[in-house]
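A.B. asks: Listed here are the chains, written in short residue letters.
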Amino acid sequence: MVTDVVMVYKKDSSRDVNSEIRKGLENNFKDFCVCSVKQLDSIVVGVQNDSHFLLEGEFGDFIGALNDGAEIEVDGFCQRYVGNNMTRGEIVVSGSVGDGAGFGLRGGNIVIKGNAGDAVGQLNKGGVILVDGDIRDSSGLFMLHGDIIITGNAGSETGEWMVGGTIYVGGDFELGFNAKTANMANRDITKLQNLFSKYDIDADPSKFTKIVHDKTRPFYGDE
Amino acid sequence: MTNEKRIMNAGYIWNTETIKQVRHNARTGEYSLRGFGAERQIKTFDDVIILPGQASVAPVDKYREKCDTSVTLGTRFCDNPLELKTPVLIAGMSFGALSKSCKLAMAKGSAMSGSAANTGEGGMLPDERTMADNLVVQYSSGRFGVSSKYLNSGDAIEVKVGQGAKPGMGGHLLAEKVSPDIAEIREIPEGTDALSPCRFLDAPNDGDLAKHIELIREVTDWKIPIILKLGPGRIDEDVKIAYEAGADIISLDGMEGGTGAAPEVVIEQTGVPTLPALNQAVSTLEEIGAKDDVDLIITGGIRNGGDVAKAMAMGADAVYVGTGAMIAMGCIGCRLCHIGKCPVGIATQIPELEEKCNIDIAAKQVANYINAMTEEAKMLAQLAGHSDIKNFNRSDLRALDTETVAQTDLKLVGR
Ligand SMILES: Cc1cc2nc3c(=O)[nH]c(=O)nc-3n(C[C@H](O)[C@H](O)[C@H](O)COP(=O)(O)O)c2cc1C
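Protein sequences, first through last, are from chains A and B. Residue -18 is where the first sequence starts when you use our numbering, and the numbers rise one by one after that. Residue 1450 is where the second sequence starts when you use our numbering, and the numbers rise one by one after that.
Be careful, since some hints might not be right.
Now the stretches of chain B that chain A is said to cover, found in silico as 3 or more residues with beta-carbon under 8 angstroms [to be verified]:
1) 1591 to 1600
2) 1628 to 1638
3) 1836 to 1847
Below, a list of computed lysine to any residue pairs in the SDA-like style, where the Cα atoms sit at most 25 angstroms apart [claimed, not checked]:
4) B:K1689 - B:P1638
5) A:K94 - A:N159
6) B:K1598 - A:G136
7) B:K1549 - B:I1491
8) B:K1626 - A:D12
9) A:K161 - A:D181
10) A:K(-8) - B:L1482
11) A:K191 - B:P1638
12) A:K196 - A:G114
13) A:K191 - B:K1672
14) A:K4 - A:D99
15) B:K1672 - A:G5
16) B:K1598 - A:K94
17) A:K(-9) - B:P1638
18) B:K1598 - A:K(-9)
19) A:K191 - B:K1549
20) B:K1598 - A:K191
21) A:K191 - B:E1639
22) B:K1511 - B:L1500
23) A:K196 - B:K1598
Because the hints were derived from the structure by calculation, they are not lab data. No experiment lies behind these values; they were computed from the predicted model shown. Just so it is clear, CB atoms sit at the ideal spot from N, CA and C, and this is done for glycine as well.
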């Protein structure tokens, strides 16, 4: 049983950071700490096991993208597309993130403790994105499945062209095309309660508005 | 068809096809869809000929002397480029548009001919991976079935920006067609509309394609080549961006490029034909000094070894075949792929129809087709005096008419 933490710090390129991590994973290390790596993109991407990563500082785009099982804790900020196309695992960011958090998510949980930008959970295919703060526009565009939960306010075009899945908003928002509000069922409340207690979030699920897709079916040419 | 009114006096402007189109629109209120690529009259490789070696250039003997047909693709940045016995690769066609039997036959046939198969954008069938020796996996706007495991199981990854039949358009597999099998492979819930947006929604800014390529490199540890697939638009600018984004290989699909379904008006009225598209891509790469660095796969309407030879002489490093491979398997060309009731079991998900596509027979036919095409191209290379198919060059070609000269910058025959 290896308990040591692999320290990855002061690297100039994503490739250097990731190859240190890869070496650690190959040697069966399970705990990693990444810090002082400037605002690099594509760090800790595509990890295929349940190891644990602590990232400290400010990071670039695509942090934790294509994650497939790892637990990634970011003590700091990320720019765009955190958790892009993740299939499994968990990402928790203590600060705010840029646009496109959880884009194309397939599974797992992404939790943002600060605010997020535009395009949260676009093309979500079955994961959970929870933002304990405000977000901007066009969240859930083309979403197929999964959940997006916003405790604060969302911007315009919320749920635009949704095809499936659910968005829950605690504050104000503007509905997008083909999205409609629905009643919160007990199931919804329990789901949110469980998530809020798991991630230590102080919010009242009964005050949330549920958004689902409306009737229009997309059609612009069969594949 | 039975109630089809007859057409008196079809002319040039109001020809039979146009009249049928208007009737379709009038009857349904919708645009029409079909399979296959553009079929209008455009300049093709048939308007170019190969000059044989005679007294000035000695031909290479077909029986006694060797001619290498192997290609290595993607040496620019990655550790393990594609090593193939033939420059003819099978194009990306999705499971969903095609049946499972057809997809597996493509994979098996590619292995039997030393070629490569391509998943298309509908995810990867596990048996497809086992059967193909070389498998290209696609990363498209809808990211169906894309995961770290998926990317790491490919021998190359194709980032699909667009395709020739419907450049600038996304795709959409109707919810009704998203069967349990397809849902599993695409990793989406059963019975959900499977949407591929018309562009990468997560690449809104200049330089973002490069970021996607970097992401894929990091996930796959810089091991395998990354192909960037473009439809034929502003080829000059687009090819430069693909190069700057860091692709190892650029694949460019001309407007003849086939499809499982696209609107008729899009197929016929958009894009650049393969021949001038290839010419433009090559001259752009030469202009920026990137021709030797990056490999170019041309696709769209490639039918036989003649097309392969001419494409390579014009500067392509390899070709993809889509429609040709389907025809080799038994496609009868009804162009009704979008209906999903393919009478020969290729473009369908209906089990009784799919049975008509026998994997072993279809695989053998695809392999035969690729082998024969490769042999044709090799024979042409030899008679033009080359002992390596890669030595074909523009001086081996002439254009048959002035319009082709204008589109290809080749010399005119007789000059
Ligand atoms: C049935 C069918 C399905 C296709 N599916 C895809 C796809 O999933 N992704 C893609 O990039 N291109 C797709 N294409 C386009 C091919 O990859 C390729 O560009 C085209 O078929 C080449 O032209 P050709 O058919 O004239 O050889 C498809 C084509 C066909 C015929």
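A.B. asks: Next step is simple, just say for each hint if it's right about the structure.
C.D. replies: Do the hints match the structure? See the list:
1. 1591 to 1600: holds (count 7)
2. 1628 to 1638: With 3 residues close enough to chain A, the hint holds.
3. 1836 to 1847: With 0 residues closer than 8 angstroms to chain A, the region 1836 to 1847 of chain B misses the three-residue bar; violated.
4. B:K1689 - B:P1638: With Cα atoms ~38 angstroms apart, K1689 of chain B and P1638 of chain B exceed 25 angstroms; violated.
5. A:K94 - A:N159: This hinted pair is violated, its Cα atoms lying about 29 angstroms apart.
6. B:K1598 - A:G136: Cα-Cα ~35 angstroms, so violated.
7. B:K1549 - B:I1491: 34 angstroms, violated
8. B:K1626 - A:D12: 44 angstroms, violated
9. A:K161 - A:D181: Distance of about 29 angstroms is beyond 25 angstroms: violated.
10. A:K(-8) - B:L1482: 52 angstroms, violated
11. A:K191 - B:P1638: At roughly 20 angstroms apart (the allowed maximum being 25 angstroms), P1638 of chain B and K191 of chain A satisfy the hint.
12. A:K196 - A:G114: With a Cα-Cα distance of about 30 angstroms, the restraint between K196 of chain A and G114 of chain A is violated, given a limit of 25 angstroms.
13. A:K191 - B:K1672: 45 angstroms, violated
14. A:K4 - A:D99: 35 angstroms, violated
15. B:K1672 - A:G5: 18 angstroms, holds
16. B:K1598 - A:K94: Since the Cα atoms of K1598 of chain B and K94 of chain A sit roughly 29 angstroms apart, the hinted pair is violated (cutoff 25 angstroms).
17. A:K(-9) - B:P1638: Measuring from Cα to Cα gives roughly 42 angstroms; hence the hint is violated.
18. B:K1598 - A:K(-9): At roughly 29 angstroms apart (the allowed maximum being 25 angstroms), K(-9) of chain A and K1598 of chain B break the hint.
19. A:K191 - B:K1549: Between K191 of chain A and K1549 of chain B the Cα gap is close to 39 angstroms, so the pair fails against 25 angstroms, i.e. violated.
20. B:K1598 - A:K191: 34 angstroms, violated
21. A:K191 - B:E1639: Measuring from Cα to Cα gives roughly 23 angstroms; hence the hint holds.
22. B:K1511 - B:L1500: Satisfied, since the Cα-Cα distance of roughly 16 angstroms is no more than 25 angstroms.
23. A:K196 - B:K1598: Distance of about 35 angstroms is beyond 25 angstroms: violated.
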